[in-house]
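K.L.:
Sequence:
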Amino acid sequence: MARPLVLRGTLVVLRRRCGKPTCWCARGGVHETPALAYKVAGVTKILMLRPHDIPTVRAALARYQRVLRGLERQVQTSLATLRERIAREKTVGRGRQR
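5 is the number of the first residue of the sequence shown in our numbering; add one for each residue after it.
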């Protein structure tokens, strides 16, 4: 079974003119294309999408957010555990004589 997609990025709509003098966009319209904008090593990349890809990409972006929230909860729990352990060890350490 294939793993569900997990994507980081933003769904955007690119609006542009093609440059053909007889195209309707030459009279003021624009061509719209859905795309996924994402970063790789600090550089924004754009992946053009087909209209029927949008629901899949939207679900994958939501999946990423859920994973990220779960990871953040785990980090906060780990930090609390570490703080408690350090505080406990400090308390035990204060009873020792030098």
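Incorrect hints may appear among the rest.
Unchecked claim - In silico SDA-like cross-links for lysine to any residue, where the CA-CA straight-line distance does not exceed 25 Å:
no.: 1; residue 1: K49; residue 2: G23
no.: 2; residue 1: K24; residue 2: L51
no.: 3; residue 1: K49; residue 2: W28
no.: 4; residue 1: K24; residue 2: L9
no.: 5; residue 1: K43; residue 2: K24
no.: 6; residue 1: K43; residue 2: R62
no.: 7; residue 1: K43; residue 2: G23
For the record, the hints were derived by calculation from the structure and aren't laboratory data.
K.L.:
Could you run down the list of hints and mark each one as holding or not?
P.N.:
Hints versus structure:
1. For a cut-off of 25 Å, the pair hint linking K49 to G23 stands: about 23 Å separates their Cα positions.
2. The hinted pair formed by K24 and L51 meets the criterion: a straight-line CA distance of about 23 Å does not exceed 25 Å.
3. At most 25 Å may separate the alpha-carbon atoms for a hinted pair to count; K49 and W28 exceed this at roughly 28 Å.
4. Of the pairs offered as hints, the one joining K24 and L9 is violated, with about 37 Å between alpha carbons and a cut-off of 25 Å exceeded.
5. This hinted pair does not check out: K43 and K24 have alpha carbons roughly 31 Å apart, beyond 25 Å.
6. Restraint check for K43 and R62: the C-alpha separation of about 17 Å stays at or below 25 Å, so the hint holds.
7. For the proposed pair K43 and G23, the alpha carbon gap of about 28 Å is over 25 Å, so the pair is violated.
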